[in-house]
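Here the protein sequences line up with chains X and F, keeping their order.
Everything in the first sequence is counted per my numbering, starting at 1 for the first residue and increasing by one.
Everything in the second sequence is counted per my numbering, starting at 276 for the first residue and increasing by one.
A portion of the hints provided could be inaccurate.
Stated by the list, open to error - Residues from chain X shown here face chain F by an in silico Cβ test under 8 Å; the list is partial:
#1 Arg108
#2 Leu123
#3 Gly129
#4 Ser248
Please keep in mind that the hints were generated in silico from the structure rather than gathered at the bench.
C-beta atoms are modelled at their ideal positions from N, C-alpha and C, and glycine is treated no differently.
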Amino acid sequence: MTRRPSLWRQFYNSVFRHRFDDTPRNRLLQITSNVFLHLHPATIRRHGLRLRYTWGMGGLSFLMFLVTVVTGVILMFYYRPTAAFAYIDMKNLQHEIPFGMIQRNMHRWGAHAMVILVWFHMLRVFLSGSYKAPREFNWGVGVILLTLTMLLSFTGYLLPWDQLARWAITVGTNMAAATPFLGHQGPGAGLTGVTERNDLRALLLGGPQVGDPAILRFYVLHCIFLPMIAAILMIVHFWRVRKDGGISGPPHVDEEPRPGRAPARSHGFRPKTED
Amino acid sequence: MTERQPDETLPDAVTTWPHLVRIELLATLAAMVLLTVWSIVVDAPLEEAADPNRTPDPSKAPWYFLGLQELLVYFDPWIAGVMVPLFIILGLLAIPYLDRNPNGAGYYTLRERPFAISAFLFGFLGLWVLPIVIGVFCRGPGWNWYWPWEAWDIAKTPHLTNINLTDLLGIPASLGGVLVLGWYGLALLFWLWQRKSAGLQRLGGARFAITAFLLLTMAAIPVKMALRLLLNVKYVWVTPWFNV
Ligand code: HEM
Numbered sequence: 001m002t003r004r005p006s007l008w009r010q011f012y013n014s015v016f017r018h019r020f021d022d023t024p025r026n027r028l029l030q031i032t033s034n035v036f037l038h039l040h041p042a043t044i045r046r047h048g049l050r051l052r053y054t055w056g057m058g059g060l061s062f063l064m065f066l067v068t069v070v071t072g073v074i075l076m077f078y079y080r081p082t083a084a085f086a087y088i089d090m091k092n093l094q095h096e097i098p099f100g101m102i103q104r105n106m107h108r109w110g111a112h113a114m115v116i117l118v119w120f121h122m123l124r125v126f127l128s129g130s131y132k133a134p135r136e137f138n139w140g141v142g143v144i145l146l147t148l149t150m151l152l153s154f155t156g157y158l159l160p161w162d163q164l165a166r167w168a169i170t171v172g173t174n175m176a177a178a179t180p181f182l183g184h185q186g187p188g189a190g191l192t193g194v195t196e197r198n199d200l201r202a203l204l205l206g207g208p209q210v211g212d213p214a215i216l217r218f219y220v221l222h223c224i225f226l227p228m229i230a231a232i233l234m235i236v237h238f239w240r241v242r243k244d245g246g247i248s249g250p251p252h253v254d255e256e257p258r259p260g261r262a263p264a265r266s267h268g269f270r271p272k273t274e275d
Numbered sequence: 276m277t278e279r280q281p282d283e284t285l286p287d288a289v290t291t292w293p294h295l296v297r298i299e300l301l302a303t304l305a306a307m308v309l310l311t312v313w314s315i316v317v318d319a320p321l322e323e324a325a326d327p328n329r330t331p332d333p334s335k336a337p338w339y340f341l342g343l344q345e346l347l348v349y350f351d352p353w354i355a356g357v358m359v360p361l362f363i364i365l366g367l368l369a370i371p372y373l374d375r376n377p378n379g380a381g382y383y384t385l386r387e388r389p390f391a392i393s394a395f396l397f398g399f400l401g402l403w404v405l406p407i408v409i410g411v412f413c414r415g416p417g418w419n420w421y422w423p424w425e426a427w428d429i430a431k432t433p434h435l436t437n438i439n440l441t442d443l444l445g446i447p448a449s450l451g452g453v454l455v456l457g458w459y460g461l462a463l464l465f466w467l468w469q470r471k472s473a474g475l476q477r478l479g480g481a482r483f484a485i486t487a488f489l490l491l492t493m494a495a496i497p498v499k500m501a502l503r504l505l506l507n508v509k510y511v512w513v514t515p516w517f518n519v
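Using the sequences and the hints, build the whole thing.
Right, here's the structure in full:
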């Protein structure tokens, strides 16, 4: 006859799938039975831990993304994307709303930090030759993430609706008006007949210049469309890091035949060592 | 369920918990402390309300795009603002498929891949970071050059007597196209000259053509800058439809 578990024990077991004493088995379960930590393989090559190798840049880019998501959602409670309200709402955030200023600052500086960290992440991946086979595709995913990171920053730049915002976006989107064939100031505009009302820039801004429709478009791109695409691609990116054999490393570690070493394209799990 | 044993027996493998997770936790804490202090000490800028009737001079793009804006001094917007970013993205995407050097995968080495690393650093530092630094710190009203310690109220007039290269050389304007195409033709000469070499054999025609196009395009940027700064050249190639 089995003993009836206490109410507490039953509740505990329903939440946590294992105990936490430091046994070899629990070390693996910590990772494999936690949906978030499960991004990681249960074991990892010592080489991939070295900060001197990865600079920790990919992980910190992701952290900055999370910071901007959290602070961004909080800002959304106080911000209305119209020319009539946007600037007033920023002023209120700064002066009226408790902790509004620091939310705004963390969102802004986190975004700037993310741009720089992503550049340095790319630099380290290049310098360590980590884009070479079988990681060509994940480098490509990274390039799209780089582009999205800068577009996220750029679309956010307009939202405070101050002089800095309006004119920076004017300068930036004027480039779209110069696109060959698709912009009304670009070469070939005569052939396609685009005007300032229906060219590529007008598509971005919702009109010939930066105004109300542009705020709304940038707001939707900034808060919904771009973060969603970026989040999906980050999942792909992390998954591919594992699929491609975990963090890259020098071949004398990679290729030495060693009993129990996972083949390069496994999940990073190693078959049980025979001994 | 078959149990997995931790691989501590293997010299190269460690359990992710706690080894990696601990590093991630510490890095997260350190980064959050830094970001919080930064956000307490420095406020995000908020200028006067947007005013469509008052254009600030200079109007600067966000700092991470200032490299492209800096190129507007030397190139028309369809090149600086459209083609250059497009080639940057496509070029970056192509890198792993163009670099056939098997060495230097998974460790830092300059000696085993001197060419790839110099080309990348030339692009990243010279053509991306440096123009951003110039754009942020050295550009004032009229996009004229102001040292960071110079006041912006000193009036500066840009040099306006620019001349097209074909006029400077005294040749017909249509030959500008020959100059530009000839620049890319250098790739063909190099191929004919070196095609038997081990390096080009490893690349093959398609990879070589794409690599050469991207590298020559990169190199063309400082060439045009030098022509402008030293000889006041406005355009190399003028056509009724576009100018280069
Ligand atoms: C939002 C942007 C990005 C995030 C959050 C991100 C995140 C990460 C993380 C966490 C890793 C694990 C190793 C490490 O931290 O270095 C990684 C690896 C990698 N990333 Fe990114 N990344 C981003 C952008 C990029 C970019 C711009 C590139 C290249 C153009 C890139 C290419 C790669 C490659 C090839 C790897 C595998 C490296 C290896 O195995 O050594 N990623 N990324």
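With 8 Å as the cut and Cβ atoms as the points, is serine 248 of chain X at the interface with chain F?
-> For serine 248 of chain X, the interface hint holds, since the closest Cβ of chain F sits about 4 Å away, which is under 8 Å.
Holds or violated: is there a CB of chain F closer than 8 Å to the CB of glycine 129 of chain X?
-> holds (4 Å)
Does the CB of leucine 123 of chain X sit less than 8 Å away from some CB of chain F?
-> holds (6 Å)
Under the criterion of a CB-CB separation shorter than 8 Å, is arginine 108 of chain X in contact with chain F as hinted?
-> With a minimum Cβ separation of about 4 Å from chain F (threshold 8 Å), the hint on arginine 108 of chain X holds.
Figure legend: structure checked against the earlier numbered hints; every hint is met.
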